[in-house]
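Whole structure, please, built from the sequences with the hints as guidance.
Quick note: the sequence shown uses the numbering used here, first residue 62, plus one each step.
Hints were generated in silico from the structure; no laboratory data involved. Just so you know, not all the hints are guaranteed correct.
[Said to hold, decoys possible] Straight-line C-alpha distance at most 20 Å; calculated PhoX-like pairs for lysine-lysine: (1) 106 to 72; (2) 223 to 153; (3) 72 to 223; (4) 106 to 161; (5) 64 to 133; (6) 133 to 72; (7) 72 to 103; (8) 191 to 201; (9) 106 to 96; (10) 223 to 106; (11) 161 to 205.
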Amino acid sequence: MLKIIDVDWVKDHTLALTFSDGFEGEADLSDYFLKQPFANVKDFKRFVLTSDGALNWNGNELTATTLRGSTKGAYQVPVLRFDVEQMEEVIKQASWDSMKEGRPDILQAAIRSYVELFGHGVVIARAGIKSRTSAYRSLKPETKPNFATLVQLAHAVIEIAKERVGESVPNSVTVSH
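So, in structure tokens, the structure goes:
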């Protein structure tokens, strides 16, 4: 069953979507939100990624299959393998460098790269963070991150990595669709 595994608001009625089959792209949903029942949605950015991989706006739902038809993008080719011990060392070193230099952005960047590797939605859910906004805010380069949130995200990426040892994970190489 096709699912959305990660979603980010881009602008207006446009979302960046990642699907369970490795397809990634952007979907402009303006046409949907001009008609009922979506025309009544006051804040487009207030949606929920459901457990079955659909998007829901106050009871109005668009399935992954429907959204896939509106998404322009490409398949991500899984080719990169990772080393959990190396991940842990990178995070430890980034933590030390952040404290030594008084720059939380160093740790923030290291964790952000791993969160992006596994997908924001997957990591945030695993971290048990209730507010996606808080998690995103803690990862944005121009913000001062919440240390507790960074710790939760770091723990989640390490746990996910341990589960996936030996699996391929996506990198930036694409095959056009």
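Hints and how they fare:
no.: 1; hint: 106 to 72; in the structure: 9 Å, holds
no.: 2; hint: 223 to 153; in the structure: 16 Å, holds
no.: 3; hint: 72 to 223; in the structure: 35 Å, violated
no.: 4; hint: 106 to 161; in the structure: 38 Å, violated
no.: 5; hint: 64 to 133; in the structure: 16 Å, holds
no.: 6; hint: 133 to 72; in the structure: 15 Å, holds
no.: 7; hint: 72 to 103; in the structure: 15 Å, holds
no.: 8; hint: 191 to 201; in the structure: 18 Å, holds
no.: 9; hint: 106 to 96; in the structure: 17 Å, holds
no.: 10; hint: 223 to 106; in the structure: 33 Å, violated
no.: 11; hint: 161 to 205; in the structure: 17 Å, holds
Against the hints set out earlier in the document, violations occur for numbers 3, 4, 10.
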